[in-house]
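Engineer: These are the residues of each chain, in order.
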Amino acid sequence: MGEVTVNTEWLSDCSGCHVAIVDLHEKILNVLEAVRIQRCPVLTDIKEYPHATVGLVSGAIRNEHDRHAAEQMRKSCDIVIAWGSCAVFGGPAGAGNVHTPDEIAAAVYLENKTTIPAPPPKREVSPLESVVSPLDTVIDVDFYLPGCPPHPVFIFEALTALVAGREPEVNRRSVCAKCKRNMEKTEVTEIRSSFDGIPDPERCFLSQGYTCMGSVTIDRCLAPCPTNGVPCTGCAGATMQILTEPNRDIRTEIADRMSRLTKIDRDEIVRSLERSSKSHYSYTMATSMIGCKPTFQIKRWIEDEQADYEAGGCR
Amino acid sequence: MKRTLKIDPVTRIEGHAKVFINLDEAGALESAGLVVNELRGFEKILIGMEADRMPHVTARICGVCPTAHHLAACNALDHAAGVTPPPAALLLRELMYLGHIIHSHSLSIFVLQGPDLVLGLDADPAIRNIVGIVQANPELAKLALGLRSIGQKINEMVGGRGTHPVTSVAGGIAFVLDKEKLKALKEWVDEARGVLPQVVPAVKGLLMRALEKHPEMGEKWIVSSFGMGTVQDEAVSLISGKLRVIDETGATRLEFGIEEYDRYLRESVVDWSYMKKVQVELDGELHDYRVGPMARMNAARRFGTEMADAEYAEFARLGGAPCHATVFQTYAKLIEIVWAIERAGEILRDKAIRGETRVPVRFQGGRGVGHVEAPRGTLIHDYQIDERGIVRAANLIVATQQNYSLINRSIEQSAQSHVIDRPDDRALMNAVEFSIRCYDPCLSCATHALGRMPLEVAVRRGAETVKTLWR
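Listed in order, the protein sequences are those of chains A and B.
Every position in the first sequence, counted from 1, becomes a number in the working numbering once 4 is added.
Every position in the second sequence, counted from 1, becomes a number in the working numbering once 24 is added.
Chain A extracted, bound-state conformation (with noise of 0.2 Å):
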């Protein structure tokens, strides 16, 4: 491969992708000498999209402005990298589907607390779409590289294999491969809210009740949550286990795995979990890869809990 080139772009993200790549620190001079930056909206003043080897596209599709830069930058790169949750999964703001355009626009400029109501904004702005979508379904992807964002040794072992030319080399590890708690079969016999008590730091977080994504994980992120007192969230989104084998899926896999490590009762599991499908499957929750699955119903799931919550129902 001669002198590599790098668009980027942002589409319905935070920005944090980006950030990453600034996070490389001392290793970004040598990725900066490696590669030649050419439109990157945070970093340079190119507002065209010129011709490039790689493009990094950050962030979800949520209106038509996301459609057509996505389309832009297949059109200028050879390669294209779907960078972060968002792109793979449709990361946090997919879990706007269960909400329609007009809904969200109601909450936001008509019903808000500390707004003075007033129609939404029609001139040039972008209509949003009517779902929000992960890259691969507007353009052809071709890498994936999850993570909210992905810990920058990816970012540095992605761009430094494509200037290289050969293909990255990326684990298939789920969180708990980093994760250096204690899984051991336990008493414990209720589900515990993370608000239970303060959780054992040595023992694994199933082990002790509380909920824990790090199983049903992929790796992108070195497990920076459990190792720190916290049970992992998903922000990476679902193992290749998930996303390949059609009988597996996030609730039933915790599900499992937790009821062989407590006394708690698999169903019982299956159900909290769905009760709160909108914590779990929060980055995912945008994507066929996920939402094809018997997960379809995510969205009945929502409506169920709020309305049970609405008839004043308990747990």
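For the record, the hints were derived by calculation from the structure and aren't laboratory data.
Small disclaimer: the values here were computed from a predicted structure and weren't measured.
Please note that a few of the clues may not be correct.
Said to hold, decoys possible - Each computed DSS-like pair below joins lysine-lysine, with the alpha-carbon atoms no more than 27 Å apart:
#1 K31/A <-> K30/B
#2 K30/B <-> K244/B
#3 K79/A <-> K42/B
Take the given structure of chain A and dock chain B to it, following the hints.
Structural biologist: Same frame as chain A, now just chain B:
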């Protein structure tokens, strides 16, 4: 002939935006504004999620200031649960946040604004970026990127992650600082302090050179307005204290605790942008106001550390007190970096940092309001949480919304001084972008603040809330 000049996208800022400048038949300015063209729906998305997810999921509102959302969410959860975290946790949260401020302000000054200052407003766009700075002034570039790295590494060591930190939870911090980490943190803070004698005069010099080259910036880019910032013991404060509103002369007009924000702050829809503007309501009148580093300085009387207070006096001498000059916001950011480094040193010398970091929490059902001074200004999170710990309503007000009216006035001023009536009206369009960059706008944040707060009815028996209903 009527014409519209456009900048699309505005580059070297955080998020998506374009600018329009409409000229009338005679070529005079008719209207101008910043169009923010993205909307995610966060406040709607949060409804139905477990409250303990708020510090994680709201961090995803913005990858440039995730720590601000992370901690505003924790402050709101502490408030909802009625707990005060142990002293060690408060110190660690503050330390994490100071690292974040160092990172965010360094990024703004050196990476986003730096190319304008080092290479000039009219430099070739192809080289007007951080790579261009590395080539033009490798010494400064190395120090500046090093300073940002140190900030982000402090944030990462205390927060578990740099972008989207995770360790702060309702009731405190989820880990205990060990000796090795403490040692590394001290080394980094010493290193940061060591480069200040070179970095501070360098940045001030660049700013003064820009003002000499473009005197209109100092004379005409003045947006006189109200201001708001968090103040504690008359000093600038980031994660605790009262909000103080000052008028154009610097006189205090209002002070309030964050729980009362909805009595005074009003959002308005702008029909050509997804971002809403915010004004403060006083005696039935709505006033535009500034937030962020310069507003914080204008509202307070000091920082409370030696070097920062010396710069505070210098700032008043050069920019006035209160200062309304747009470009001086860059200097205010620089002083906050100095202050953050000094204050981080104080925290690391405090023995209380090694104590217990967490108290247990239980939600009884109710409202939690929390705020922090984000790098760009006041950030407010407001949740209704039910007795099972589920979020039932959320309202967020972010910094950039509050600066929106001022940013639009700065666009008009900079277009007037550098673009309109010039033979080549595109040559200095970057001056308009530079004026926007002075505010360090954070548009991921600004376009995701939305939602609604339904009616709340609390059923009480004596002092105890039996049930809370919403619709």
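Engineer: What are the numbers of the hints that this structure violates, sorted from low to high?
Structural biologist: 1
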